[in-house]
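There are 4 protein chains.
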Amino acid sequence: MPGNSFGTIFRITTWGESHGKAVGVVVDGCPAGLKISEEEIQVELDRRRPGQSKITTQRKEPDTARILSGVFEGKTLGTPISIMVENVDAISKSYEDIKDTYRPGHADFTYDAKYGFRDHRGGGRSSNRETVGRVAAGAIAKKILSREGIKTYGYVKQVGHVVADKINFREIEKNIVRCPDKKKAQEMIALIDQVRKEGDSIGGTVEIVSTGLPAGLGSPVFNKMDADLAAALMSLGGIRGFEAGLGFKVADMKGSESNDVMYKDKKGNLRFKTNNAGGMLGGITNGEDLVVRIAIKPTSSISKIQHTVDKKGKPKELKVKGRHDPCLCPRAVPIAEAMVNLVLVDHLLQSKLARI
Amino acid sequence: MPGNSFGTIFRITTWGESHGKAVGVVVDGCPAGLKISEEEIQVELDRRRPGQSKITTQRKEPDTARILSGVFEGKTLGTPISIMVENVDAISKSYEDIKDTYRPGHADFTYDAKYGFRDHRGGGRSSNRETVGRVAAGAIAKKILSREGIKTYGYVKQVGHVVADKINFREIEKNIVRCPDKKKAQEMIALIDQVRKEGDSIGGTVEIVSTGLPAGLGSPVFNKMDADLAAALMSLGGIRGFEAGLGFKVADMKGSESNDVMYKDKKGNLRFKTNNAGGMLGGITNGEDLVVRIAIKPTSSISKIQHTVDKKGKPKELKVKGRHDPCLCPRAVPIAEAMVNLVLVDHLLQSKLARI
Amino acid sequence: MPGNSFGTIFRITTWGESHGKAVGVVVDGCPAGLKISEEEIQVELDRRRPGQSKITTQRKEPDTARILSGVFEGKTLGTPISIMVENVDAISKSYEDIKDTYRPGHADFTYDAKYGFRDHRGGGRSSNRETVGRVAAGAIAKKILSREGIKTYGYVKQVGHVVADKINFREIEKNIVRCPDKKKAQEMIALIDQVRKEGDSIGGTVEIVSTGLPAGLGSPVFNKMDADLAAALMSLGGIRGFEAGLGFKVADMKGSESNDVMYKDKKGNLRFKTNNAGGMLGGITNGEDLVVRIAIKPTSSISKIQHTVDKKGKPKELKVKGRHDPCLCPRAVPIAEAMVNLVLVDHLLQSKLARI
Amino acid sequence: MPGNSFGTIFRITTWGESHGKAVGVVVDGCPAGLKISEEEIQVELDRRRPGQSKITTQRKEPDTARILSGVFEGKTLGTPISIMVENVDAISKSYEDIKDTYRPGHADFTYDAKYGFRDHRGGGRSSNRETVGRVAAGAIAKKILSREGIKTYGYVKQVGHVVADKINFREIEKNIVRCPDKKKAQEMIALIDQVRKEGDSIGGTVEIVSTGLPAGLGSPVFNKMDADLAAALMSLGGIRGFEAGLGFKVADMKGSESNDVMYKDKKGNLRFKTNNAGGMLGGITNGEDLVVRIAIKPTSSISKIQHTVDKKGKPKELKVKGRHDPCLCPRAVPIAEAMVNLVLVDHLLQSKLARI
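Protein chains in written order, with my numbering: chain L, 1 to 356; chain S, 1 to 356; chain E, 1 to 356; chain Y, 1 to 356.
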């Protein structure tokens, strides 16, 4: 029942509220003998850290990861890996005057509806800060996958009306918006900067591609690879859509167009001439690149004046203070990668059990 | 690990291959004391049954549901409800000559990659026939939800380039394509009929709306209502995309546009002026209608000649015989409704546990 | 939440009431490629079948197993294996007059307390008949284990005051009480026959030994091998105690006596000179024989007159008709073996995931 | 698959090694709105703390609990409750010279067999120190149960040959051995002191009684209340047996003796004249006191010289240094209580879902 765990074999449980003492994760099911260090986890956390550029929130969190258990002499023990990050720059005061006000686009009202009360400071559990644990766990998953030659690339595909045309993986981390198209990256940054100055925010899409996958990962029915990826990515805050391969384009296609044709390549491998399916058939990887995409809504917290109500339904004018990302996409990239890697490692481990 | 179960509290396990002896489902976690009959289950199965109209496959399956356990004197016992449907019109012979051929768009290759061999007859476990169990279980979920005034409407929103404009729930079951827009329904039917004659198939979208939901259903993190719905619907065959509320449109919107504004209605309830979020905030229902959408690819089996390979990579020309739906959407409606209802009933039961 | 599934990787879900249409099991997570036949399952079902000897209930159930899915051309597909056994000799009438009476020692009262009503015929879901599904699933587990040289022997250790001294596995199936001590077997049979004639019943113990186990099976904390075995065996009806190795004898021992001393054997393997621990240390197998034991209460249904109450608390005199085992132990042997094998196969599969 | 979580609705995940940085627990599924403080958790941790009396280990751990998440303004939020206890007095040096030696009775060998290597310091994950998290979580469970009038009493029933005759709950915490029989407590203490001086250790039993339980808690099949309790208690270190009610005594009883007779009491409640079943029928509570019992082996670490081998099979003489309990029973009492309370609260929450 509890909804704070994810995965079956490689299973993570995240905990923590935005302005509580700390946030963290427990990873259960990581095989023994994997070399992993706090530094490797820190690299990923630094990619999602607030304050990393002018187009992200200016909250200053060092987000230093501490491994508290499960690793001994640099190697995993096979026991749960507990990782904790303390909340340092939590300015709770700025939330005091909106304690009873429902911020538009946020989960304030729905948490109250479910639990009867909530930690109002910075969104509490519904804050993006919860993803610290996911990214830390994802770093371990990434390490396991890299041993098998599997690599995951996330990038910003679209911000507002600006859409990346070229997908050059090497460009991604060279610009602050994490766009694989050098030229469009600058347009995206300009757009984000503009909405920020307007006190507004902007939506976008993030695409995630995994390479080096063997055919045969995924489960036939409820844990289809695409179903698990959808669950993983839709479980992030502010996601409104998920696509695999061609996505919604298939609605206006014919079978003779959308079916990917198979052939035998020079190495004797069975391959597909196109990748409309995004690397999955019947929920199981087919050996082509895995390609999925998510739609991310514009940040709900904006400094423009908005109309809303308080707990009792009294109308309120709200101008959200605090420090917020004008566009969620750039920082969503490492988080989305983490979620994809968590799903992949789970199915990679499961694949050891498929045949007698 | 096993991937044939779905749900946490109201948990279903489906079983069966397309051309095996039977297909079925075990429902575990249904509360005791619910009145339910085989007839109520049959109603839903009849809606998904093949051969129901000229635009569906002509396979003739009576799909008669038998409740084998868990119901006594017309009421659920609180014990597992086992429901079985025998496979009657399974013509396996037509598959004999494609035993070693990988049909384009199907899971033949990926099942072989995972398991080393497969039941090639009619797709085996990957067949849409597996959804018989889901629909039977969904009928029970529907019954529970109806007691709370919750009702789910699925309908075909788009077929190829034809998109429904009007959403009139009462029209849905009046036309064979299950479109809520009377006029567009006829265009959709004509389009499907045309591609069928061409030996081809066509894609589309299905939208599902649930009304009467209380605010507060859903879980904060990994089991957000939208994440669970995405997992539920992406676990069906041939789905390439999922959207909640405005879906991918949010990518080109500003926060000031996409945030739904709250107000107090005349009855004193807190409501939202718009429903861009599709009835969910932070993964928890907000009391507005739940609105989700899926993209369904064109049927992979077409009678046009296609190029592919066999197990050994030898090129093959394939003209799929058998009997197939030219468009998956009309029969996907009751299946998608069932999946949404299964998620809703799980969270409805979970909501009993939210507060001390 | 639902309590009708067991196992994590090799997961079974049983269903069915004693006097319903059928009982059965769905096995999820069995690897693909295992050769298995209905006959192999039938062998085990025949061992638990009622009416097999003069000291068991005379209910005549053929208990014919039908595999409905998951097996194709004699091999498992990796998909769920559904097995069904129809209830044939269910004489429900004999229960009509005790519909509202709480039979002593039975779950009648507690099911009513939990669910508000129950299927009163033959105990409904609480009947030993539910174990048909367990035994069928256990036959599959047994087949997997046998490939690894692992073999499980269950036997009756004690009936009333008669305790087996010699443990000769080859004797077990040679006598109807399934006792490994030829001489004591006759005494047990005589005792059971005597209590049967008195209209009474008698308790006993069953011991289960597994040989050929590698060291390293089991999980460190909550899924210790002994914890999982205890859960498995205590989940059967009428079990009042569980022991591993020396069991309760350790309460009056010193550490210097109970610790098993290690040595290196002639083949270079690390072994233990004694097996006080029953083959497990820290919840993980140590390579010695696994030895566990359960205490089974005397059958609750006896034909002697008993005092009880009905639903409204009105005193009743009860003489249970129907047909019952005077001692549960002989038929408990194959059931207990099945449960142990189910736990072992789960941990055997899990062991593939322990190291990177 | 991962074995570090326990419970279904009220679900705990423990983490930490004996000599790592910290140990802890994440509690998922605790309802919102429960008042709980660090002090209430500390009370239970102090009961299990080492160094609390002359008959326990002299390791000095303050075991100070910090709640890191899930509690806000003194009340649970419905989000995961993360509790951490830092390891302070971990003297790892004393383990350096036994790094490669397999201590008799410990899990050193089996962890190596499973994982290929281990944290040898103080038993690592297999240490009793892991139970800190269980006891902390148990304190929350206890608080929930107390609201319903349910109270759990654990006590030492037997140490070596000394068995408590009188069960007076009020005596339990008045003596350092936690025996409910004032006189026998002194004999037990004397016996423990004697074996300690001999450099040896002694076994015993702990009995746990829960009062105030309603009828109807528990699940029919695999999650019978007794099965869950057995799993919970057998998952502790050094447990060799579990009994409910009369336990192994039923092996030599007749049905006419062991069945508990029902009657209607003066308040109109249906009750049982005896409690041979230990408060459970068919795995569901019957409203009488829940009575279970565990057999605890003598501490494996003793200072007497023992023979064993190292990793390579080389014979070693071992005299375990470190600081150890001469009898595990007194400190096992709060741990066993915690486990029972965790099971009870899980089923208490589940009972909200039993009927429509």
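To be clear, the hints were calculated from the coordinates, so they are not data collected in a lab.
Hints may contain errors.
Distance condition first, Cα-Cα at most 30 Å in a straight line; then the derived DSBU-like pairs of lysine-lysine [what the hints assert, rightly or not]:
#, chain 1, residue 1, chain 2, residue 2
1, E, K254, Y, K197
2, E, K99, Y, K254
3, Y, K264, E, K93
4, Y, K75, L, K321
5, S, K352, Y, K143
6, S, K151, Y, K352
7, L, K254, S, K304
8, E, K75, S, K93
9, E, K75, E, K35
10, S, K266, L, K54
11, S, K266, S, K151
Estimated spans, in silico, between C-beta atoms of each pair [stated by the list, open to error]:
#, chain 1, residue 1, chain 2, residue 2, range
12, Y, K182, E, K352, 51 to 57 Å
13, E, K166, S, E38, 40 to 46 Å
14, L, D265, S, D193, 24 to 30 Å
15, S, P62, L, K316, 57 to 63 Å
16, S, K99, L, P214, 22 to 28 Å
17, S, G268, Y, E40, 37 to 43 Å
18, Y, E40, L, K319, 39 to 45 Å
19, S, P315, E, R147, 35 to 41 Å
20, Y, K266, E, K197, 38 to 44 Å
21, Y, E40, E, R147, 50 to 56 Å
22, L, G74, Y, K352, 44 to 50 Å
23, L, K54, E, K352, 44 to 50 Å
For each residue, glycine too, the CB sits at the ideal point set by N, CA and C.
Okay, the hints, checked on the actual structure:
Among the hinted pairs, K254(E) with K197(Y) is consistent with the structure: their alpha-carbon atoms are about 13 Å apart, no more than 30 Å. As the CA atoms of K99(E) and K254(Y) are separated by approximately 25 Å, the hinted pair is consistent with the 30 Å bound. For a cut-off of 30 Å, the pair hint linking K264(Y) to K93(E) stands: about 28 Å separates their Cα positions. A hinted pair counts as satisfied when its Cα atoms are at most 30 Å apart, and K75(Y) with K321(L) qualifies at roughly 27 Å.
Only pairs whose Cα atoms come within 30 Å are accepted, and K352(S) paired with K143(Y) is accepted, the gap being roughly 19 Å. Under the criterion of a C-alpha separation no larger than 30 Å, the hint pairing K151(S) with K352(Y) is consistent with the structure, at around 24 Å. Note on K254(L) and K304(S): the hinted pairing holds, with a Cα-Cα distance of about 11 Å set against a maximum of 30 Å. A C-alpha spacing of about 20 Å is found between K75(E) and K93(S), which places the hinted pair at or below 30 Å, so the restraint holds.
For the hint pairing K75(E) with K35(E), the CA-to-CA distance comes to about 4 Å; that is within 30 Å, so the pair holds. Distance check on the hinted pair: K266(S) and K54(L) sit about 45 Å apart at the alpha-carbon level, beyond 30 Å; violated. Of the pairs offered as hints, the one joining K266(S) and K151(S) holds, with about 23 Å between alpha carbons and a cut-off of 30 Å not exceeded. The hinted window of 51 to 57 Å between K182(Y) and K352(E) holds, with their beta carbons roughly 54 Å apart.
At roughly 55 Å, the beta-carbon separation of K166(E) and E38(S) lies outside the given 40 to 46 Å, and the hint is violated. Checked against the hint of 24 to 30 Å, the C-beta distance between D265(L) and D193(S) comes to roughly 39 Å, which is inconsistent with it. Against the hinted window of 57 to 63 Å, the Cβ-Cβ separation of P62(S) and K316(L) comes to about 59 Å, which satisfies the hint. The hinted window of 22 to 28 Å between K99(S) and P214(L) holds, with their beta carbons roughly 24 Å apart.
The hint said 37 to 43 Å for the Cβ distance between G268(S) and E40(Y), and at roughly 38 Å that hint holds. The given range of 39 to 45 Å is respected by E40(Y) and K319(L), whose C-beta atoms sit roughly 41 Å from each other. Between P315(S) and R147(E) the C-beta distance comes to about 38 Å, which sits within the given range of 35 to 41 Å. A hinted range of 38 to 44 Å for the beta carbons of K266(Y) and K197(E) is consistent with their spacing of about 40 Å.
For the pair E40(Y) and R147(E), the beta carbons lie near 52 Å from each other, so the given range of 50 to 56 Å is met. Roughly 46 Å separates the CB atoms of G74(L) and K352(Y), a value that falls within the hinted 44 to 50 Å. Remark: the range hint 44 to 50 Å for K54(L) to K352(E) is upheld by a beta-carbon distance near 49 Å.
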